[in-house]
Each structure stands twice: as structure tokens, then as C-alpha cells.
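J.: Spelled out, the chains give:
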Amino acid sequence: METEEQEQIEHAVMVLNEKLLGTALGILFGSMLFLATNFLILKGGEHVGAHLALLSVFFPGYRVTFFGSLIGFSYMFVLGFIIGIVIGAVYNKIVRA
Amino acid sequence: MTAKIQPVSCSPGASHTDDTIPPQLLRAIAPLHPTAMGVAWAVVCGGLLTVATLYLMLRGPTLLKFDLLSQFFWGYRVSVAGIFIGLLWGAGVGFVLGYGFALIRNAALWIWLTTVRSRAEMEQYSDFLDRM
Numbered sequence: 001m002e003t004e005e006q007e008q009i010e011h012a013v014m015v016l017n018e019k020l021l022g023t024a025l026g027i028l029f030g031s032m033l034f035l036a037t038n039f040l041i042l043k044g045g046e047h048v049g050a051h052l053a054l055l056s057v058f059f060p061g062y063r064v065t066f067f068g069s070l071i072g073f074s075y076m077f078v079l080g081f082i083i084g085i086v087i088g089a090v091y092n093k094i095v096r097a
Numbered sequence: 001m002t003a004k005i006q007p008v009s010c011s012p013g014a015s016h017t018d019d020t021i022p023p024q025l026l027r028a029i030a031p032l033h034p035t036a037m038g039v040a041w042a043v044v045c046g047g048l049l050t051v052a053t054l055y056l057m058l059r060g061p062t063l064l065k066f067d068l069l070s071q072f073f074w075g076y077r078v079s080v081a082g083i084f085i086g087l088l089w090g091a092g093v094g095f096v097l098g099y100g101f102a103l104i105r106n107a108a109l110w111i112w113l114t115t116v117r118s119r120a121e122m123e124q125y126s127d128f129l130d131r132m
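For the record, the sequence lines run as chains A and B.
First residue of the first sequence: 1, per the working numbering; consecutive thereafter.
First residue of the second sequence: 1, per the working numbering; consecutive thereafter.
With the rest of the complex left out, here is chain A:
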């Protein structure tokens, strides 16, 4: 019985839920940029977030301001969601093949 269960676990392989993975990665990515932006705003200084502001090359409208952090969250959420969907889809296709 014990070895049977052990064999079952060893031969099992996880299938991912694409949408859940996408949502989780989206929230994670979005939160990272949101927190990074607001950390720099609170830290202050002469040139606030001079390097992070370069993300506006890829994310038009993004700025190192509170409103910009919300825009950045939206962009990163969408990016994370797409990444999660792609990872889940490719992984599941290989596992199920």
C-alpha cells in the first residue's frame, strides 16, 4: 500500500492552471513595480527614479509618480498575466504530450 502510494506520487506530474498562474504572476509583477516606484518617491532626492523612469520606453505613460505607479501596475499586471498564460500553456502541452 505504502509503495503503491509512493509510486503514484513519483509517477504523477503537476498540470498548471494557466489563468491562475497568469493572475498570480500579474499581481506579483504589478506589485513589484508599484512598490519600487513608491519606494523611490518616498525616498526622495534630486533625481527621483531617473533610471526606473526609463521603463517608459516600453510602457508609454509610466512615470515615477504615484499615478505613474498605478499605470505601471497595470502594464506589469498585463505582462505578468501573458507570461503566466504562455508558461502554463507550453508546460501543459509538453506534460500532456
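Errors might be hidden in some of the hints.
Stated by the list, open to error - To give an idea of the chain A side of the interface with chain B (calculated C-beta under 8 Å), a few residues:
1) Q8
2) M32
3) V57
4) F58
5) I83
6) V86
7) Y91
8) I94
9) V95
No lab work stands behind these hints: they were computed from the structure.
By construction, the Cβ of each residue, glycine as well, lies at the ideal position given by its N, Cα and C atoms.
Once you have looked at the hints, place chain B on chain A.
T.: Chain B alone, transformed into the frame defined by chain A:
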């Protein structure tokens, strides 16, 4: 010798017989497929770097010095050749990251399962000496 892998069903209502682990439980403790995870990450990382390079090429010069990636990815440039070099580097690094992530996650899961099993066994035999 190759072991046949069994993808765990995601349907919550999947039935099981008495001598098998319930699918809901098996889904929680099933290991990740490292190669599949590596390939998935390779597709994402390679794709992202390719799209980013292509976008920067079409957009023209910016303040962003994306060429600095060549510090890590030898031969990479924001150019036509750089698209392919970036794709290869991105896919390679992505595969290593994905494969490594799956290995570490599976190892952590194995340690956790072993700990839980050991504790359960110790609890089961805790009164062993009392019964002698």
C-alpha cells in the same frame, strides 16, 4: 528504464478508488516536470528579449542603453543579429531558470513530505516503550 509519468487531472470532481490517492491530494503534492518548465521559461524569456530588441530597433535611439545587456549576454546588440543572439541567450537562460525552479520546488516538496511522514511515524510509535 523510463518511468511513465501521469499528468494529474485538474477536475475537482474526479473520482478515485480506495487504494489510490485522491486526485485533489495528489494534485497538491505532485512534482513539476523540470524539462517542461524549462522549455516554457525558455519560450517566455527568449520571446521577451526578442520582442524588446525588435521594438527598440523600430523605435530608434532612446535614453535606454539596452546594449548594456552584452555585459551578461556576450555578443548581444540592439540590431538584426542581436535579435537572434538575444533569442538564443534568453532561451538558454530561461531554460536554466525554469529547470532550476522546478528542481528546487520538487526538492522542497520532497523534504516537506519526508518531514511530515517522519513526524506522523514518530507520533504513531511514541508510546511504543509503554506497551512493552
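J.: With a cut-off of 8 Å on the beta carbons, see whether F58(A) makes it to chain B.
T.: holds (7 Å)
J.: Given V57(A) was flagged as interface, is its beta-carbon under 8 Å from a beta-carbon of chain B?
T.: holds (5 Å)
J.: Hint validation: V95(A) versus chain B, beta carbon distance must be below 8 Å. Holds or violated?
T.: The hint holds - V95(A) has a Cβ within 8 Å of chain B, the shortest such distance being about 5 Å.
J.: Next item in the hint list is I94(A). Is there a CB on chain B closer than 8 Å to its CB?
T.: holds (4 Å)
J.: Using 8 Å as the Cβ threshold, decide whether Q8(A) counts as touching chain B.
T.: With Cβ-Cβ at 5 Å, under 8 Å, it holds.
J.: Should the hint that Y91(A) touches chain B count as held when the rule is a Cβ pair under 8 Å?
T.: Status holds, d = 4 Å.
J.: Hold the hint about V86(A) up to the distance rule: shortest CB distance to chain B must be less than 8 Å.
T.: Cβ of V86(A) sits 5 Å from chain B, so the hint holds.
J.: Checking hints one by one. Is M32(A) an interface residue toward chain B, by the C-beta closer than 8 Å rule?
T.: Hint violated; M32(A) Cβ to chain B Cβ min 16 Å, cut 8 Å.
J.: Using Cβ atoms only, decide whether I83(A) comes closer than 8 Å to chain B, and label the hint accordingly.
T.: Hint holds; I83(A) Cβ to chain B Cβ min 5 Å, cut 8 Å.
Checked against the numbered hints given earlier, this structure breaks only hint 2.
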